[in-house]
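For reference, the chains in residue letters:
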Amino acid sequence: MPTMTYLQAISDAMREEMRADERVFLMGEDIGTFGGAFKVTDGFIDEFGPKRVMDTPLAESAIIGCAIGSAVEGLRPIAEMQFSDFVSCGFDQLVNVAGKTYYRMGLSVNITVRLPSGGGFSGGPYHSQNPEAWFMHAPGLKIVAPSTAEDAKGLLISAVRDPNPVLFMEHKHLYRRVKGDVPTGSYETPFTARIAREGTDLTVIAYGAMVHTALEATADLDGSVEVLDLRSLVPLDEEAILKSVRKTSKVVIVDEANQMCAAGAQVAAIIAERAFEDLDGPVVRVATPDVPIPFSPTLEQSVLPQVDDVREACRELLEY
Amino acid sequence: MLMMRGIEERAMTLYRQGKVPGSFYDGFGQEAVSAGATWAMAAQDRLCILHRDLAAHIIRGVEPWRIFAQYMGRADGITRGRDGNVHFGDRTKGCVGMVSMLPDMMLIATGMAMAFKLRGEERCAITWFGDGSTSRGDFHEAMNWAGVQKLPVIFILENNQYAYSTPLDQQFAVNPIERAAAYGFPGVSADGNDPEAMFEVVRAARERAIAGEGPTLVEAVTMRMHGHAAHDDMKYVPTAQVEEWRAKDPIDRQVRRLEALGVDTQAVRDSVKAEIEAAVERALQSPQPDPETVLDGLFADEPALLEDGNGPWSGFRS
Ligand SMILES: Cc1ncc(C[n+]2csc(CCOP(=O)(O)OP(=O)(O)O)c2C)c(N)n1
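Heads up: the sequence lines are chains A and B, in that order.
Residues 9 to 328 in our numbering are what the first sequence spells out, letter by letter.
Residues 700 to 1017 in our numbering are what the second sequence spells out, letter by letter.
Hints should not be assumed to be uniformly reliable.
What the hints assert, rightly or not - Subject to a maximum C-alpha distance of 25 Å in a straight line, what follows is the list of computed PhoX-like cross-link-like pairs (lysine-lysine): (1) K47/A <-> K59/A; (2) K972/B <-> K934/B; (3) K947/B <-> K934/B; (4) K150/A <-> K108/A; (5) K934/B <-> K47/A; (6) K947/B <-> K59/A.
Keep in mind that the hints were calculated from the coordinates and are not lab data.
With the hints as extra help, turn the sequences into a complete structure.
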């Protein structure tokens, strides 16, 4: 199995799918000759040509809306938002068209929207957001968030094949930092949670970049900590969450997104509703406070969940 | 214009030395667009400034050391470390900080103009945006509303040939300047590399606005001489195109003009350089923002509004 970065795994997934399936094509700003703002589509235009690697005007609503239209006609577009933050400009098409079309008309909207998300590099309030919760609240959209290179490829392939609109939250900070063995050829990764590390005393639930923070924070704690990587937010793997919490009886949920109504809030609600009797302590959340992500590295570090914050939360709960 | 170029060149070095976090965007070659236009605005006018318009901030009186502190994310930066390097606007100078979602600021400017009209004030709002920005719905919504209401707003399209790597012919089939007529107001092209041409066109647009005749779309034809941001080597731009525009450098042209009038431009350069070095020194002394304050300022406790922008050089008075 070749070793790849998270970024290469995403490219690999698209290349595999484009080679295998004529219906798959790409749309986005500067993705052609330039190869994308993060170089995820570097070289794609040479292999697949401008019809399948479509450079678009700066128009997110048009990108998503036209992706929807072509999907309704049987194509399988993968649309790139240059930064996940700019998906706000295509919000209406996702929430009101993509998410509702199958329910209303029985027409499937097979689109994948790639959203380079997350902070940690001084991108400031407009280039660091984790907008997944905006869309969790809108029925009809699936949302996945890989934390490893292997999952990045498998989840993206599953997303492209899924007949529904799927938002693919790829974390910018993992692009070149995370490397791993990635199977060659095509494979699908299911939209279910994965145990990143087994444990018996405490469960840490995270997704995306926070999986790595959680693993690092809990590597040398006094206690056996299980780390659950959600991988998919919609659908949310409730059984995997409950199973782990019932085993350990204690849970820390880590969100890089702003705390209010974040994905972790939904996880906490499910645990409260369905596993209250199994808990040996309060459900603890570590998340970004409800402010825009600041630019200055000092300020940014102080709001994004750090390894020490997670470690401290785990220690306290273990002792509870 | 010299100050803008000097600050940006110096900031790029600071960026390469790791003293400026994030990414860095400059307006090399586009100095005349913001300088000429801002000079034509009065102190009570409002500005929504884009990422390549540093001259507008300078003319409105933002001190260079605070601009460097802003780039470095320090406590004395205009946004106190909250927003990224070029995304700033000093409220006390009548300027709104840049919104990254392009061109959301066209609607903010239109709303300001609406307030002026509602209150019967002789004021005008101006906003800049790129050729890329003209593809989004908000561009059309702003133009349409401003046209319907005949609002005192000036839209400056910075046609600098590329939106990131996207050339004009991939951005639109018809130059957006043609669209103005469809919304019921004039669209005018100007040489964006000539500050005096920019000044003249914007001054006329302002007169129209103040007279209640409505908005104007001004196309400033120029070229983005550097990459989109510090990481971009702009390999996608043909060398001949760069060379063609290098010969039209707005600063060289203006310097030649001033020298013909007998101005000692070397003395100006020297004083700008000295001012920049002092500014960098002072900005480097500015502390990092205090993490204890990071939650402050999400909600206002009292009204905080835009003030007038009476800078040392600002204020063409009609
Ligand atoms: C709505 C939106 N989508 C994408 C981006 C990312 N982006 C930042 S600048 C840029 C190119 C802008 O080009 P243009 O409007 O021509 O301005 P220029 O940078 O050339 O001055 C893009 C695509 C953005 N800022 N806003």
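>> Under the constraints set out in the numbered hints, which ones does this structure not fulfil?
In response: 2 and 6
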